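Based on the provided sequences and hints, a complete structural model is requested.
These are the residues of each chain, in order.
Number of protein chains: 2
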Amino acid sequence: MEYTNGSALSGLKVLDMGRVLAGPACTALLADLGADVIKLETPGVGDDSRINLPKQNGQSTYFVNFNRSKKGITLNLKKGKDIFLRLIKEVDVLVENFRPGVMKKLGFDYETLREINPGLIYAAVSGFGQTGPYSQRAGFDPVAQALSGMMSITGYPDRPPVRCGSSVADVMAGMNATIGILAALQHRHATGRGQFIDASLVEAAIVGMASVNQVYLTTGVVPQRQGNGYTACAPGGCYHAIGGEVALLAMGEVAWEKLCNIIGRPELLQRPEFANNDERVKNKPELDRLIDEATSTIPIDDLVERLLAAKMPVSPIYNIAQVAADPHLADDRHVFTEVDHPTIGKVKITNQPFKMSETNPHVRGPSPSLGQHNNAVYRALGYSDKEIEDFAANGTI
Amino acid sequence: MEYTNGSALSGLKVLDMGRVLAGPACTALLADLGADVIKLETPGVGDDSRINLPKQNGQSTYFVNFNRSKKGITLNLKKGKDIFLRLIKEVDVLVENFRPGVMKKLGFDYETLREINPGLIYAAVSGFGQTGPYSQRAGFDPVAQALSGMMSITGYPDRPPVRCGSSVADVMAGMNATIGILAALQHRHATGRGQFIDASLVEAAIVGMASVNQVYLTTGVVPQRQGNGYTACAPGGCYHAIGGEVALLAMGEVAWEKLCNIIGRPELLQRPEFANNDERVKNKPELDRLIDEATSTIPIDDLVERLLAAKMPVSPIYNIAQVAADPHLADDRHVFTEVDHPTIGKVKITNQPFKMSETNPHVRGPSPSLGQHNNAVYRALGYSDKEIEDFAANGTI
Chain A
-3 MEYTNGSALS GLKVLDMGRV LAGPACTALL ADLGADVIKL ETPGVGDDSR INLPKQNGQS
57 TYFVNFNRSK KGITLNLKKG KDIFLRLIKE VDVLVENFRP GVMKKLGFDY ETLREINPGL
117 IYAAVSGFGQ TGPYSQRAGF DPVAQALSGM MSITGYPDRP PVRCGSSVAD VMAGMNATIG
177 ILAALQHRHA TGRGQFIDAS LVEAAIVGMA SVNQVYLTTG VVPQRQGNGY TACAPGGCYH
237 AIGGEVALLA MGEVAWEKLC NIIGRPELLQ RPEFANNDER VKNKPELDRL IDEATSTIPI
297 DDLVERLLAA KMPVSPIYNI AQVAADPHLA DDRHVFTEVD HPTIGKVKIT NQPFKMSETN
357 PHVRGPSPSL GQHNNAVYRA LGYSDKEIED FAANGTI
Chain B
-3 MEYTNGSALS GLKVLDMGRV LAGPACTALL ADLGADVIKL ETPGVGDDSR INLPKQNGQS
57 TYFVNFNRSK KGITLNLKKG KDIFLRLIKE VDVLVENFRP GVMKKLGFDY ETLREINPGL
117 IYAAVSGFGQ TGPYSQRAGF DPVAQALSGM MSITGYPDRP PVRCGSSVAD VMAGMNATIG
177 ILAALQHRHA TGRGQFIDAS LVEAAIVGMA SVNQVYLTTG VVPQRQGNGY TACAPGGCYH
237 AIGGEVALLA MGEVAWEKLC NIIGRPELLQ RPEFANNDER VKNKPELDRL IDEATSTIPI
297 DDLVERLLAA KMPVSPIYNI AQVAADPHLA DDRHVFTEVD HPTIGKVKIT NQPFKMSETN
357 PHVRGPSPSL GQHNNAVYRA LGYSDKEIED FAANGTI
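Chains as they are written, first to last, in the working numbering: chain A, -3 to 393; chain B, -3 to 393.
Since the hints were made in silico from the structure, they are not lab data. Mixed in with the good hints there might be a few duds.
Copies of the same chain are indistinguishable here, so a pair counts whether it falls within one copy or spans any two.
Unchecked claim - With a cut-off of at most 30 Å between alpha-carbon atoms, the simulated DSS-like pairs for lysine-lysine come out as follows:
# : residue 1 : residue 2
1 : 342       : 77
2 : 344       : 9
3 : 75        : 307
4 : 85        : 254
5 : 307       : 67
6 : 307       : 382
7 : 254       : 75
What you are looking at is a predicted structure, and each value in this text was computed from that prediction instead of being measured.
So this is what it looks like as structure tokens:
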């Protein structure tokens, strides 16, 4: 299959008022898909994440990653209300992740903006949603993972709950906003009308647990942490090998027999306490100890190859350096890419997670410097060079 | 804000050939957004997940959750090639999550199907992508979490890597397929042409780690497991209270001072080893011990209220029963919902994670029984009742 770079969202104008992660990740995806994304930042300060670690040549590559492929303008939303409203007339989509109510205080809530542009698709990402008693809480990923139940099911049963090590609630909330925006575009094709989209970190995390939720919803039994084990079958989980760790699963009697032979312990097949899956689940601690003892004597590459040859699900547990060095991931799937930044130099960043044959999403350029495209954008809105100079002089832009 | 149920994807015809989680979750979302989704299953057997736990009245509610709002047909893809091709002419979108190559072996690869329907949008979800040396590996969520690096950064540093307790790679891969499909629809509006979309579990997990990847990509330092702590600031993480555990973070000197006063330990502010953020990060184990000692004496609701009143990010760490009982989540945000199933009865399931003002996604009906809509769908394709009876009799449907 060939994947040809292209622009599925060609002509779509997006105003990115997002900060830090969820909002900017959503608009970076829209930009990589071909939308014309203008990032709006506060004059002199910009997105808070412009100072986030890590840095390269003194500048945040965290910011570069989530703001590649965008143009940048500055605007003081209190001083530049008319400018903002002129901008709103021109865009198809607005994305923001302020605390709910901030845009209303500025006079820019959806109800006001749709009067000016009835086709506007306004997507708001927040920690806990636009409605309800928790809407005003400070929303950040670890808090959303805590409230969603996700932490309660992650980690080992004899240790406190632990969060998924990355901001998956943030990332998924940005993806949900993207889905809402693209679905709203379909509705707009049919009706001409835009709408408001309300995506939250906590709901993203809850839907990220869907099959685990189902256990509680149907049985009333509260799912617990179980490390890397499974309640449904054994053995399975994380085991040591020489040179690394592997995740593997032996589901069913055929797989159990294969595993015992591959790790050189066929005698385990004779033990009554491992005679069937029910027994193996019941005696999992001892079973895991014996499996681990065996795998610990086998070089990891060898173990993985043997299990793969037997068509069993297995993977080495990679760290990020190993991900970046893996030929399949790095060379065939291009999971990381780079962008040439005019002042930072070449910056390595994370690519998009899917491919398209006709309009493959791809990085179009570096992140903008603060206000880099002020002149071009404000001229296109009809402001004269003199007006733009004045806006800059009095801190409006 | 009012959210009015509607159908953003009204008129969109989707053929769901997905099994278990990633494919079915994608098409359930399209169905809740208003698409007309037909689930195609093997006669007599159906989707493997029809037997997945949990069960209610003997039937899988796992299956109900991921297949609500769909119609169902059966078709033997080897016996019913002509029927399948007639179906392909009628649909806009095909979603499958077979191992790469399965559809080609059947004669139904994208290159063949687009000859019959040039507007077809064909989305394939797989463990490791359609291309590259790992494409044939058995892909399931824990393996994708292992290979992506996600497990390596989740859990405590003194314990083995642990997976995020739910199948987030599966869920995110389904979301990425959805985004690709909706973006491809935009391209089709402009050009009339469909395309192929290739989404994988492992890439979904890698992008789910975007800001953590960035540390390695920029600095070469390999991110490690750090439980609930942060490298950037302290204190923060998971602490005990009377009646539960909380996730909290004190970022900066003002928050540190607030925290010490709220937990009744103002004397910590005087200790030189906690004098600033650098010192607190350096002395985090002792700091965490002291914070935990203090929070352990405070009732959880009281602790959370005090920290929220001080505008600090905090949440009780909920289990799923607490999520389901929480007024904000359950009543205001409707994170769970229910569907009335003709043979199982009322089934509680997980709702979609975002809201739309004009076309709010919502559950439209129960999951289909195996082949429930055969007559209606095959009649609409032009087959006579006699032909349909014969298909059923000879195992074609």
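Check: Where does the structure disagree with the numbered hints, that is, which hint numbers, in rising order?
Finding: As far as the earlier hints go, 1, 4, 5, 6, 7 are violated by this structure, in ascending order.
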